[in-house]
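Protein chains: 2
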Amino acid sequence: MAYEIGNKQLVNYYEEEILRQFAADFLRALAANEEEATIIADGLMTASLWWHPGQGQGLEKLFRYHRRVRNGGIVPQAQMVWLTDGPSYSLLDAAKGFGYVAAHRAMQRAIEKAQQSGVALVGVRNSNHFGIAGYHAWQAAKAGLIGWSFTNAKAEMAPWGSAQVVLGTNPWGIAIPRRDAAPILLDMALTMSGKGMMRWYMNEGRTMPENWALTPDGHTTSDPAKSMDGPLLPIGEYKGYGLSLVTDVLSGVMTGALFAGAVFQDDQNYDVGHIMLAIRPDAFLSRRQFEERLETFIEEVKSTTPIDPRYPVRLPGEVEFERMQKRRRYGIPVSRETVEGLRSRADELNVPFPL
Amino acid sequence: MAYEIGNKQLVNYYEEEILRQFAADFLRALAANEEEATIIADGLMTASLWWHPGQGQGLEKLFRYHRRVRNGGIVPQAQMVWLTDGPSYSLLDAAKGFGYVAAHRAMQRAIEKAQQSGVALVGVRNSNHFGIAGYHAWQAAKAGLIGWSFTNAKAEMAPWGSAQVVLGTNPWGIAIPRRDAAPILLDMALTMSGKGMMRWYMNEGRTMPENWALTPDGHTTSDPAKSMDGPLLPIGEYKGYGLSLVTDVLSGVMTGALFAGAVFQDDQNYDVGHIMLAIRPDAFLSRRQFEERLETFIEEVKSTTPIDPRYPVRLPGEVEFERMQKRRRYGIPVSRETVEGLRSRADELNVPFPL
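As given, the protein sequences belong to chains L and A, one line each in that order.
Note that the first sequence ends on residue 355 in our numbering; no numbers are left out.
Note that the second sequence ends on residue 710 in our numbering; no numbers are left out.
In case anyone wonders, no lab produced these hints; they're calculated from the structure.
Among the clues, some could well be false.
[To be verified] Taking lysine-lysine pairs in the DSS-like style, the calculated list, with each CA pair at most 27 angstroms apart, reads:
1) L:K226 to A:K581
2) A:K581 to L:K154
3) L:K326 to L:K142
4) A:K581 to L:K302
5) A:K657 to A:K681
6) A:K657 to L:K302
7) A:K681 to A:K497
8) L:K226 to L:K154
9) L:K302 to L:K142
10) A:K509 to A:K681
11) L:K326 to L:K302
12) A:K657 to A:K581
[As the list claims (entries may be wrong)] One-sided and incomplete, this derived list gives chain L residues near chain A with beta-carbon spacing under 8 angstroms:
13) T84
14) M202
15) A225
16) K239
Treat the numbers as computed from the prediction; the structure is a model and nothing was measured.
Each residue gets a CB set at the ideal place from its N, CA and C atoms; glycine is no exception.
Using the sequences provided together with the hints, build the complete structure.
Here it is, written out as structure tokens:
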């Protein structure tokens, strides 16, 4: 496995189709319709195929959907409404619907508009956690466009110089389509790491790098337990703080969604905001010219000498797409804790449990 | 002075108008026309008012213009040509003209188009160093829009896992307009620091943080001298590498400019590429709603408790705009080395030298 899972005692491996089917069944049992169940299950499977289970973006998300649908914080089959519609922009009110579905529809509209006008920006308000940012950017690359997805999120980062959390990790997904190859795909939070990963380190008894998070009173630490209630640290110190702030202005302030510390605080009204940006890569050159230049560029980047010859230079997303292929062959790791949690909820919802 | 200049022996202080006048005279002596001299001098003064002289973005840039105009790498009064023009995009061939001028014109066009269509993307090829990224983003904010400027640059960063430089620091400027206040203004390279700042530390005999740059063979160091020929390190490790790569795809690969290691290598053909993105912040809400929400957001961010009570939380750009005010009152620091270098070139060009 290219990605180091750590203590193998903590995970089981399953076939993709079994997990996908289970996720869709589970979502339908929560009253998701066919389109919603398909989009969300596809997002969860993408995260499961790309990422570390400690990042909590795979089937772990079903716990949250279960809880939030119960609470009324997520409304299955929500009647989403397009509010404004300009030549290169549009705004979707997601009506408390599933974030994956709202962001997917928004990116589809951004793609359609950018195909006409070269670039398009689609906002979403009144949404929920949209899953992994790269999934939405990838939709644009599948259609031959450059995609860039932004979202605000629950406050876990402090402004630079403070330990009081008021901004989210506000992840970005950026995808650039390639000819005959998986896209360049950058999926990144604006923090050095995340609470899910810190929890995984803590459970494994490992120390973490000191630039991941502070203690609640603002001290550096390498002990994940000491900073579980402290702020995550931004990439590039004050720079990542600035990027997170800008992201919240775009996805929260500008769209009419909640912003800053209010996001995800009221479990009846999450009101998360997203922005989907799509760009036609052949706005300036022909498609063929763009594609050829991109391959020349990639070749130059990838032919640089690695510091450690065992680890050749990779493009953003390359490890994830390779891992995706391997996991499709050898199975997808799911933490045992997740499996047990899903079993009890599946019983409760009368969903067949194949794990 | 809010910004710590370090060893005061290294700088003199001058009045803004004297420096601005000198910069414009110097540029006219290099055959810049009135519009070009005005734009570039304004950019250099902005950098001088905002930044540390060690960052080399103030009058230090005149050495480079002098050299490059002589070499033919920069062509004063270049006949720039608009190549493509769509509803929300446009491409400028800068014809080897001054980068400040090309980027300024491109952002003006992005502003005009975004006012119509909500969002606009303008590319530039065949350009030069565009100065400080924040200057161009600020033009959009002055017009009431959100501005985001991107550029590629000389290779100084390696792909993550390599020490072989092939990507630039590829700085971004992002500006968000505010009602009755200076904009939020984020101006940042995608590296932790830059060679100019490392040189300053070296001259002052200081050590630098270990996450600034590697030695040429890929080892960490806190000695700026040991890494002057090594790669600068990206923000957020592989994340900043990804952002730099994406920036070069947008500003270099997509526009038809040079990209990767070729940028700034041939002194007859710099062919730098830029992208200017402008967004109408009131695409989704009224201007008044956007402005009020933004102020509420800012208040929440700024009211967080600082870790050290002496340093209250600041917005991106806040320190720079305060420093601008102070320097307008108390003078602008210019390194003595720069003053001496300018004196000899001014003599040569018959430019009056008031410093």
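Evaluation of the provided hints:
A hinted pair counts as satisfied when its Cα atoms are at most 27 angstroms apart, and K226 of chain L with K581 of chain A does not qualify at roughly 36 angstroms. Distance hint between K581 of chain A and K154 of chain L is unfulfilled; the C-alpha atoms sit about 42 angstroms from each other, more than 27 angstroms. Proximity of K326 of chain L to K142 of chain L is assessed by CA-CA distance (about 21 angstroms); at most 27 angstroms being required, the pair is judged to hold. Distance check on the hinted pair: K581 of chain A and K302 of chain L sit about 26 angstroms apart at the alpha-carbon level, within 27 angstroms; holds.
Between K657 of chain A and K681 of chain A the CA atoms are separated by roughly 21 angstroms; this keeps the pair inside 27 angstroms, and the hint holds. Of the supplied pair hints, the one linking K657 of chain A and K302 of chain L is violated, its CA atoms being roughly 42 angstroms apart against a limit of 27 angstroms. For the hint linking K681 of chain A to K497 of chain A, the alpha-carbon distance of about 21 angstroms falls within 27 angstroms, and the restraint holds. A hinted pair counts as satisfied when its Cα atoms are at most 27 angstroms apart, and K226 of chain L with K154 of chain L qualifies at roughly 20 angstroms.
Simply put, K302 of chain L and K142 of chain L have alpha-carbon atoms about 23 angstroms apart, close enough for the 27 angstroms limit, and the pair holds. For the hint pairing K509 of chain A with K681 of chain A, the CA-to-CA distance comes to about 33 angstroms; that exceeds 27 angstroms, so the pair is violated. Straight-line distance between C-alpha atoms of K326 of chain L and K302 of chain L comes to about 21 angstroms, which keeps the hinted pair within the 27 angstroms bound. Between K657 of chain A and K581 of chain A the alpha-carbon distance is near 39 angstroms, which puts this suggested pair outside the 27 angstroms criterion.
Taken as an interface hint, T84 of chain L checks out: its beta carbon lies about 6 angstroms from the nearest beta carbon of chain A, inside 8 angstroms. Annotation: M202 of chain L was flagged as interfacial toward chain A, and the flag is violated, the nearest CB pair being 21 angstroms apart, outside 8 angstroms. Restraint check, A225 of chain L versus chain A: the minimum CB separation of about 20 angstroms is more than 8 angstroms; hint violated. Interface hint status for K239 of chain L: upheld, as the beta-carbon distance to the closest one in chain A is roughly 5 angstroms, under 8 angstroms.
Comparing the model with each earlier hint shows violations of hints 1, 2, 6, 10, 12, 14, 15; every other hint is respected.
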